[in-house]
Amino acid sequence: MGFLASAGYYAYGSNDRTAAEEMGAVANSVVPYARLREGVSSRDRSLREKIVSLEQAASFVPDGASVGIGGSTMSRTPMAMIWQLIRARKKNLSCARGIVSTDGDLLFGSGIADHMATSWFAQGILWGLSKVMRHHVETGSARYDEWSHMAMGMRFRAGGMGVPFLPIRSMLGSDVLRLRPEAKEMTCPFTGETLLLVPALNPDVALIHVQRCDAYGNAQMDGLQFMDIDLALAANRVVLTTERVVSNDQIRREPDQTKIPFFCVDAVVEVPYGSAPHECYGVYEPMTKHLDAYVAQVNKSPVAGMRAYLDRYVYGPASWNEFLSLIGMDEILQASRLGRSIHDD
Amino acid sequence: MMTDPQRHTAAEMLAAISARQLKDGQVVFAGVGVPLLAATLAQRLHCPGLTILFEGGVIGAFVEPGKLPPSTNDQRCTKRANMVLGSADVLLLLQRGYVDVGFIGGAQIDQFGNLNSSFIGDPERPRTRLPGTGGGNDIASLTNIIVAMKHERRRFVEHVDFITSPGFIRGGRSRAESGLPTGGIYRVVTELAVFSFDDEARRMKILALNPGVTREEVADNTGFDLVAEEPIGVTEPLMEQELATLRMLDPERLFIS
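Chains as they are written, first to last, in the numbering used here: chain A, 1 to 345; chain B, 1 to 257.
Accuracy of the hints is not assured; some may be wrong.
In silico lysine-lysine, BS3-like type, Cα no more than 27 Å apart, as pairs [unchecked claim]:
hint	chain 1	residue 1	chain 2	residue 2
1	A	K289	B	K67
2	B	K150	A	K300
3	A	K300	A	K289
4	B	K205	B	K23
5	B	K205	A	K289
6	A	K259	A	K50
7	B	K150	B	K205
8	A	K259	B	K79
9	B	K205	B	K79
10	B	K23	B	K67
11	A	K300	A	K91
12	A	K91	A	K50
Covered, in the sense of this in silico footprint (three residues per stretch, anywhere, with C-beta under 8 Å from a C-beta of chain A), are these stretches of chain B [what the hints assert, rightly or not]:
hint	segment
13	54-68
14	76-84
15	122-133
16	152-164
17	174-182
The hints are simulated quantities; they were obtained by calculation from the structure and are not laboratory data.
Even for Gly, the Cβ is constructed at its ideal location relative to N, Cα and C.
Full structure from sequences and hints, please.
Written out as structure tokens, the structure is:
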């Protein structure tokens with residue numbers, strides 16, 4: 001298992017930290033450039049098949065890893081992978097995503113993650129505040145670091161570009177910035193203007209769900225791509241889940257549709273309905289009855305309600321397919337009908 | 001035709017009056033909820049050439065009646081759009097200056113138009129952790145914004161607990177001095193009145209009262225002294241066509257009940 005050979009890479013706490021790295025670790029772990037390059041050069045980037053099971057894919061995410069989550073809000077969320085990480089009882093994951101919804105609830109509520117960097121964290125606009133997020137953040141059992149949405153995007157982009165930061169013109173003057181000493185104001189050496197430098201985010205692992213990819217990991221995404229291309233380039237490992245695995249010939253017929261190149265990808269898992277109960281563009285919309293029931297249950301009781309939900313829907317089922325059957329055929333068909341209707345005119 | 005005020009909800013009033021603040025030909029960056037609905041209403045009525053941007057990564061959307069997106073990151077946002085792109089890239093269009101108006105909702109606002117959607121109470125030990133900024137901070141930092149929100153005393157406060165999305169910060173020139181040389185808060189629309197900001201102190205003032213609303217009623221629901229500049233206008237009542245279009249767009253009454 002080659003990917004585990006560099007597992008020590010994930011643990012910043014080893015005994016050979018330099019002062020600069022120490023500073024980096026404090027400042028939200030900007031990865032030193034040499035280490036970033038070494039991370040890429042040590043990966044097997046050959047054109048090779050990478051298909052694994054959902055269970056095997058979970059071993060790509062060590063305890064304590066920083067995890068970038070693809071999609072946004074309730075769209076193309078890698079829910080099957082998150083579901084599997086909870087079943088594998090991971091610990092101390094530090095997560096980042098542009099916008100977080102019930103995926104964040106599950107990460108905090110199950111106890112596998114204790115930190116989230118994002119711009120917005122609720123259960124979706126239809127339901128409002130997340131009582132689960134509130135419970136964990138207000139009692140101090142988990143941390144929510146708030147950045148602007150564009151700042152999150154530019155942090156992943158800097159990570160993907162191999163530079164330690166990018167300048168932006170938002171967040172300035174706000175209290176969002178006051179709580180983020182990791183971002184630094186600077187005077188532009190060309191114009192004298194004030195700019196904000198946001199630190200690169202290079203997650204240890206990115207979890208991304210797509211409509212299709214081949215066995216090598218050439219990934220094609222339909223519709224909204226969110227920050228997933230930058231995230232895939234920034235991360236030191238990428239685990240793809242996909243609605244379906246297609247042939248490399250099919251990928252090569254439409255290479256302009258390929259958004260993530262195979263050499264960024266370390267594992268491919270075919271998981272139909274892998275974003276359920278969230279949506280996957282052109283395939284299914286969110287499963288709102290399930291989400292309504294979920295929100296009512298966990299908001300009534302963010303701890304016991306969440307535990308009951310996890311027991312029934314995450315730990316209980318023997319497989320992802322069994323979880324889908326708990327959501328129910330009626331709801332999955334309705335979500336699919338709406339999902340495909342985006343192509344109607 | 002005008003409508004009887006008894007026959008519509010406060011949210012419908014808010015959406016219709018917000019929509020009137022937009023002008024044909026503008027590029028508007030719309031948040032979810034009332035802003036999305038109001039921008040779509042404007043597009044169907046007086047602004048057929050309105051270009052609507054969503055932070056999920058959409059340029060020039062035409063949202064389908066009865067299929068309002070539950071967020072600005074859902075597939076429904078892309079219906080009949082001109083282009084989809086990455087969410088950082090659509091936000092960067094604000095920074096480059098392509099956007100005329102940002103249109104967002106608000107949870108709490110102060111006299112200088114600063115918005116809070118992050119914390120109630122001390123951020124170090126928050127009484128309530130709210131969802132956060134999303135793209136709100138970027139929109140408010142980089143363009144002129146219209147805010148549509150409920151008018152309550154606890155929401156209209158002298159100083160917000162936390163500046164999530166900047167208005168004129170501490171008034172005067174403090175916004176530009178903070179590194180935000182462009183944009184600012186242009187209008188606040190509530191179910192009671194439309195507000196603007198004076199040019200010097202940058203404090204909120206009443207521009208026009210909604211039909212049937214008194215200045216006392218506005219003052220009673222506001223936690224700071226509003227600048228008064230006579231004469232104060234009165235907004236035209238809701239028209240049948242506005243109401244009918246709103247209800248056609250949102251038949252499930254997700255955002256207008």
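Taking the hints in turn, this is what the structure says about them:
1. For the suggested pair A/K289 and B/K67, the alpha carbons sit about 16 Å apart, so the restraint of at most 27 Å is met.
2. This hinted pair checks out: B/K150 and A/K300 have alpha carbons roughly 26 Å apart, not beyond 27 Å.
3. Annotation: proposed proximity of A/K300 to A/K289 holds, straight-line Cα distance about 17 Å (limit 27 Å).
4. Restraint check for B/K205 and B/K23: the C-alpha separation of about 22 Å stays at or below 27 Å, so the hint holds.
5. Restraint check: the Cα-Cα separation between B/K205 and A/K289 comes to about 44 Å, which exceeds 27 Å; the hinted pair is violated.
6. Distance restraint check for A/K259 and A/K50: the Cα-Cα separation of roughly 18 Å lies within the 27 Å cut-off, and the hinted pair is therefore satisfied.
7. The straight-line distance between the Cα atoms of B/K150 and B/K205 is roughly 17 Å, inside the 27 Å bound, and the hint therefore holds.
8. Distance check on the hinted pair: A/K259 and B/K79 sit about 21 Å apart at the alpha-carbon level, within 27 Å; holds.
9. Taking the CA atoms of B/K205 and B/K79, the gap is about 38 Å. The hint is violated against a cut of 27 Å.
10. Proposed proximity of B/K23 and B/K67 is supported: the alpha carbons are some 24 Å apart, at most 27 Å.
11. Under the criterion of a C-alpha separation no larger than 27 Å, the hint pairing A/K300 with A/K91 is consistent with the structure, at around 26 Å.
12. Among the hinted pairs, A/K91 with A/K50 is consistent with the structure: their alpha-carbon atoms are about 25 Å apart, no more than 27 Å.
13. Look at the segment 54-68 of chain B against chain A: 4 of its residues bring a Cβ nearer than 8 Å to a Cβ of that chain, three or more, so the hint holds.
14. Coverage of the segment 76-84 of chain B by chain A holds. Counting CB-CB distances below 8 Å, 5 residues qualify, and the rule asks for three or more.
15. For the segment 122-133 of chain B, the stated coverage by chain A holds: 9 residues have a C-beta nearer than 8 Å to a C-beta of that chain, and at least 3 were required.
16. With 3 residues carrying a beta carbon less than 8 Å from a beta carbon of chain A, the segment 152-164 of chain B meets the three-residue requirement, and the given coverage holds.
17. Counting residues of the segment 174-182 of chain B whose C-beta sits closer than 8 Å to any C-beta of chain A gives 6, which meets the bar of three, so the coverage hint holds.
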